[in-house]
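There are 4 protein chains.
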Amino acid sequence: MAGNSIGKEFVITSFGESHGKQVGVVIDGCPAGLPFSEVDVQGDLDRRIPLQKPELVSGRVEKDVVKILSGVFNGFTTGAPICMTVENRETRSSDYESLRNLPRPAHSDYQATIKYRGFNDYRGGGRFSGRLTVAIIMAGALAKKLLSSLDIAVFAYTKSIGKTRTEKQPSLDEIKQTTYQSAVRCPDPACAQHMETAILNARKAGDSLGGVVECIALKVPVGVGAPLFDALDADLAKAVFSVPAVKGVEFGAGFSLAKMKGSEANDAFTVQSGKVVTVTNQAGGILGGISSGMPITLRVAIKPTPSIAKEQQTVDLSKMEHAKITVGGRHDPCVVPKAVPAIEAAVAITLADHLVRAGFLPKVLKRQE
Amino acid sequence: MAGNSIGKEFVITSFGESHGKQVGVVIDGCPAGLPFSEVDVQGDLDRRIPLQKPELVSGRVEKDVVKILSGVFNGFTTGAPICMTVENRETRSSDYESLRNLPRPAHSDYQATIKYRGFNDYRGGGRFSGRLTVAIIMAGALAKKLLSSLDIAVFAYTKSIGKTRTEKQPSLDEIKQTTYQSAVRCPDPACAQHMETAILNARKAGDSLGGVVECIALKVPVGVGAPLFDALDADLAKAVFSVPAVKGVEFGAGFSLAKMKGSEANDAFTVQSGKVVTVTNQAGGILGGISSGMPITLRVAIKPTPSIAKEQQTVDLSKMEHAKITVGGRHDPCVVPKAVPAIEAAVAITLADHLVRAGFLPKVLKRQE
Amino acid sequence: MAGNSIGKEFVITSFGESHGKQVGVVIDGCPAGLPFSEVDVQGDLDRRIPLQKPELVSGRVEKDVVKILSGVFNGFTTGAPICMTVENRETRSSDYESLRNLPRPAHSDYQATIKYRGFNDYRGGGRFSGRLTVAIIMAGALAKKLLSSLDIAVFAYTKSIGKTRTEKQPSLDEIKQTTYQSAVRCPDPACAQHMETAILNARKAGDSLGGVVECIALKVPVGVGAPLFDALDADLAKAVFSVPAVKGVEFGAGFSLAKMKGSEANDAFTVQSGKVVTVTNQAGGILGGISSGMPITLRVAIKPTPSIAKEQQTVDLSKMEHAKITVGGRHDPCVVPKAVPAIEAAVAITLADHLVRAGFLPKVLKRQE
Amino acid sequence: MAGNSIGKEFVITSFGESHGKQVGVVIDGCPAGLPFSEVDVQGDLDRRIPLQKPELVSGRVEKDVVKILSGVFNGFTTGAPICMTVENRETRSSDYESLRNLPRPAHSDYQATIKYRGFNDYRGGGRFSGRLTVAIIMAGALAKKLLSSLDIAVFAYTKSIGKTRTEKQPSLDEIKQTTYQSAVRCPDPACAQHMETAILNARKAGDSLGGVVECIALKVPVGVGAPLFDALDADLAKAVFSVPAVKGVEFGAGFSLAKMKGSEANDAFTVQSGKVVTVTNQAGGILGGISSGMPITLRVAIKPTPSIAKEQQTVDLSKMEHAKITVGGRHDPCVVPKAVPAIEAAVAITLADHLVRAGFLPKVLKRQE
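Chains as they are written, first to last, in the working numbering: chain A, 1 to 369; chain B, 1 to 369; chain C, 1 to 369; chain D, 1 to 369.
All the pointers check out, no bait thrown in.
It does not matter which identical chain is used: a pair holds within one copy or between any two.
Straight-line C-alpha distance at most 27 Å; calculated DSS-like pairs for lysine-lysine: (1) K261 <-> K310; (2) K53 <-> K261; (3) K204 <-> K261; (4) K324 <-> K275.
Read the hints as simulated data drawn from the structure, not as lab findings.
Using the sequences provided together with the hints, build the complete structure.
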């Protein structure tokens, strides 16, 4: 069964493994004529790893360098599929050999072994590794370029880590300027400091933390999406759950809406500068599966990194008896900062697909005479 | 752009409108040889409307009678597409004519008008109506029959309504026996009573309530799903968001995981009756996009019914100026009870698709000699 | 496995069986705002059966009456899926009971029994019946309406029956006026007469005939299609092979091109009325999978009706030994006339899908203010 | 619009251009546990170019070396997507610069310029080049490995070139031993000699030839395919038309069936070694879209190479006036020999997809304990 593509007309196909030769992605369906080069991607790849605080991430600090292998000619997309790859370099596969019969709790080792009858590439989590978000981020960079030609901006940031949460609603400028200055990708500097401390404390304790990422898409035009199965929120949720470690997603006020009355939850319509808008945005910019023109907002729950230094209980599959496991190797004490650009990319990819399907064409694309 | 199908090998295509001739569904990809008849569907349709407390629902109490139009012969599925329909009978379309230029807050009137350039069937919400869950429920009945032949059971129930929430973890037997005895579909009788009261109070106040639906799938075998894009949780999330009024979904401990440490969140492996299981099930039965063999658990946030009797602020689209709206017609003060079987169906449909794709064949299906 | 849909953004899903309750189709992805009603379909359905010569067809002369069940409101498509059905009325299923263990040569009885493990609806060929072209013709009527709003016309006619072939290249006017005046759907009246005689002679001899259908699409704009997998000719070929009894398809000069030299086969470019055209059209309007702006022409080989009155050799599956079979029931001595509107519909459906995917919007569709 | 993937559960995605960095393919959905390495692919790539007669092909004789970038671990497929690439080395792009405004007859230059608004990579035909069959051949090598584990064999050979046609029905052994010994890929040595001469004569005359490729698949089990849209012949036709220069396809007796009577065309059933077979195989192994268990046979018409040395008439697009063109560069006087492995691959890919979808699992794949 095939399951490594997403989208219907702007289609992403991912390939590669954590410790294989490279991680790659093919994007099929990008309109011809979009200015695009490695520079548009490299920035997003660099943002994946918070280099300003190496102690927040695993020892595996790779400088990922993107190569565009196809689909771009003379600085523009050609309409042909665009393949991009990043080499895997810092791989220490021996770390994983000893654990083959000891599935790590909260990882996918056990299910993968059953599903693939032992043939899966288990090194570094193989196809299940967080490293695969590199493919999503590369495709997301293209999607964001396409969206920006329609004046649409997408950005994600850290809303909470562990029990530390910012309640600040940052402005677009604050987000742009501050998010990636913070090693934890939180645009609220005071809160970011608490988050860093929390992560370092967890690391010291041989433990890990999770958190919540918020993502906002601005200026998505009214009418993108569909009722029922290809609802915009349905497809955004699917894309976001494709990012490893995601355990929940909510739009607008989300789960809080379940506790409200209709009179509190409903966003009243009004007219502003000649346009129909809503006074509040509890709906998060999507009603009936279709964009309302208001900012699309969603929040994504990221679980704590499953790899922790503490000893854990598992099963020795070769003997079917209890065993203890201490997960070695290099691991992030919190993957939320790395998840931020991946969530942003997943949202951008989904929006690009829906916009292409609905016939919204980039403004820069003119028919050449 | 097409968007009314879901699934890859067990594919559901929905058609019909709230006030059109009927609501229908085509299911393509159901294996031949499954015993199936209208009886298997009618029960689920009947469960959609909590007849024991008519005051909890809208005045529109339709007895929906399913007709199977194709794909079943001599009491068994044939392998051909199965079309099922339910007629719309109690429709009072005149209720909606007066509101054409006054989009109802938190409904999809405004976006639909823009997207379909005014050509959409606006009567009763048209294609956006909660009534469309009838199609999902019919397809879900078939999916559940297929799943039951593999010993898999799926059931949903009301976890909370407004601020009233049951913390009880009901047993399978309790759920089966109690859920639909309760008009609010909550298997905790004491809590159910509070929920009913809350709904009636909201109604009296001209207001509405939302809530949370929990869904559990038991005995899903290990190895169903895929890493990344066709992750089982990704596809379940997509399906669940196809149900109108859903604003959030979380698996296992969900958003709570974001606040936990890894040592709290990780489910330790153990051996039970010769099988690998986990001691806890914070993951909700899915790791790395693949079923772990533990119960799959998810919770879905349902927003309050947008149609409320209270006067609300909107915009007169014909004049582009402020206006007041009082939504008449018949509306449920809380759609959570109706959402319960729809969520159950959406989950069952997704599991059926993944099982068919992965080659799990119903036990009853033997090659006929 | 699902296999009853075709198209990517203008998607056709077929359901129903030869002797079931009805034959139906759902079309998902038709843009909103296209004027459409049963009248647009009924004409094409009526053209399926050459009533002027009942002796050319089977005794089963059904007046098929289309019902539109969804997706049309106030005379226009709404953007929602359009379901259309035709009831099956004249069914004599007892004709088939006696043949259950005797697969009819050149029919699909044997393979269907194996594939569906005996659960398939075998009455009248079930899902394999030529009657299923009714679904294609209904969807084709919608597709042709959409195409006509872009000034594109599609028409098919009989090129040959048995060894009788017209070499006339009929004009568009001749085709429109003459094709359906002829019971064999051949716009060359002299040739049509020979064809009728050939069919009646075959019938008298307890035998059957096949033939070739030619289809032409005019004014398809330059640039529709894609290189490689979604080549326009690839998708047209797939659609045409979905019509029962088709055994070959060729574009432009087709198999004759295999015998030509490049200097004979290449269509030279020239300028005509300020447009780039080709002097000849050996390519049949498609180069590199993309429309060239010239008429798209294809020819389709239809095999002789497999049901013949002559005794044939088969196998008794219950005993696995040789047996004789004489196929009773009502059968057309030649299905070519019935295939003509089906091929036309299959071509129109494919063009509509490619045009919708490429963003060509109907001229009649204006954004409603 | 995306169009560079084919298949539903064994999905091929192609990328790369004639003069870009490389040609590549991603195969998603190959079951885990299939032994596979570069060696399995290299042989097929080598067969693409008839090195024994360099004068039969263009000057561009590339030794294509396959690299497997993902999805294979320890010599077996892992269930993850398999990416394979071949570098482009011998590219002389300056050959094409001078022709930008002069579309070559029978090429896709003109349509591509319109479709992609001038942004397409026009060097060497870009995405439309016959070189892209390298991707199909790589994927086909994997498909054939999968098929061989089910005892299914697929092989293609040259049936005719220009007006020279072999009527020999070669045995499997003859095909295997003789096809690739012949530079024209014809297993009938006497005929092959005439074909070579014909090609060399065409070349001398500054002209080119086409031909017909026959492809046979042996031991495909009964029951593969579907009625109507996912008919096995429909999907095979689509795949085969994805190979550049294909203008027609027919199954079994194909277009000849259109001239036969039913009593001649119908294949009588009989019993042989306890199995149901047909006495003849006019149907080419497919009835009602489903495999019958008999050999699947198809023939594919290949047009003459459009690039010829003779001067041709075209249009100067910059001035919209008549012009002459003499196509320089390196071109095959006949692409039929190169098309042979591509057609074989396209057929194998389609069969693999249908077998995976229908749940036929490779015999070698056992659940590893």
